[in-house]
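Heads up: the protein sequence lines correspond to chains A and B, in order.
Under my numbering, the letters of the first sequence match residues 69 to 182, in that order.
Under my numbering, the letters of the second sequence match residues 69 to 182, in that order.
Simulated from the structure, these hints should not be mistaken for laboratory data.
You may find that some hints are simply not true.
Sample of chain B residues with no beta-carbon within 10 Å of chain A, all distances over it, derived [claimed, not checked]:
id : residue
1  : Ala73
2  : Gln87
3  : Val102
4  : Glu103
5  : His143
6  : Asp144
7  : Arg146
8  : Ala149
9  : Ile154
10 : Arg155
11 : Ala156
12 : Ser163
Some, not all, of what chain B presents toward chain A, calculated at C-beta under 10 Å [as the list claims (entries may be wrong)]:
id : residue
13 : Phe117
14 : Arg125
15 : Tyr168
The structure displayed is predicted, hence computed values, not measured ones.
We put the CB at the ideal spot given by N, CA and C, even for glycine.
There are 2 protein chains.
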Amino acid sequence: MPTIAEGGPFTRIVEFDIQPARQLALIDAIVGEVERWVRHCPGFVSSIFHASHDGKRVINYAQWRDQDALEVFTHDPRGEALSAAIRAVGPDSGSQATHYRVIRAIEAPGGAAQ
Amino acid sequence: MPTIAEGGPFTRIVEFDIQPARQLALIDAIVGEVERWVRHCPGFVSSIFHASHDGKRVINYAQWRDQDALEVFTHDPRGEALSAAIRAVGPDSGSQATHYRVIRAIEAPGGAAQ
């Protein structure tokens, strides 16, 4: 199960705007490529797919060991298959990827309230 | 350490656009309120603060037990202190909160590559 920690891995959050009817198809398309090759890339840690309750957004919360590992991934020639899979589903406005570091992780007193 | 799991808690992602010079001050302001009272709210699971490498964005990745717990929080009168703390730092365009469910969590073969 993926974890999030202060000082943890390099975090890349990719956001997609999408028609609600295609939201889960978009996730399926990307998951297929991640399962096929992305998860085997050196330094890949995790990729977590979130569907908004309103149907209009998808977020891929991805963790990489470091920025160098991400760079190698982004230059992998198989990335074209990933881009094609995304285009085939057709998010409204492409995607926006932003890179983050985790500054603080606060939990409920006594641990998670689940 | 917070974890992310398929079928996990209710996920609320809040995004802020901010001047880079105020990025960490914005996180400090919100963290102060989360430490003071938000983390003690029933059903609070975790709140993880991310600073973009380019300095221009902050993401609060928050987990709640369920939507009902989040609703109680959003109507808590102490929310005014939280809003005031955020306004005092002045993000460029307020904030955007979106609610998600976790559809898939994919890890590297053999576990995390950390």
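Each hint, compared with the structure:
1. Ala73: Nearest chain A Cβ is 5 Å from B:Ala73, so the label is violated.
2. Gln87: holds, 16 Å
3. Val102: violated, 5 Å
4. Glu103: violated, 7 Å
5. His143: B:His143 is indeed farther than 10 Å from all Cβ atoms of chain A, at 18 Å.
6. Asp144: For B:Asp144, whose nearest Cβ neighbour in chain A is about 15 Å away, the distance exceeds 10 Å, so it holds.
7. Arg146: Consistent with the label, B:Arg146 stays out of reach of chain A, its closest Cβ about 16 Å off (over 10 Å).
8. Ala149: holds, 17 Å
9. Ile154: holds, 15 Å
10. Arg155: holds, 20 Å
11. Ala156: holds, 19 Å
12. Ser163: holds, 15 Å
13. Phe117: B:Phe117 check passes; min Cβ-Cβ to chain A is 5 Å, inside 10 Å.
14. Arg125: holds, 6 Å
15. Tyr168: With Cβ-Cβ at 4 Å, under 10 Å, it holds.
Checked against the numbered hints above, the structure violates hints 1, 3 and 4; every other hint is satisfied.
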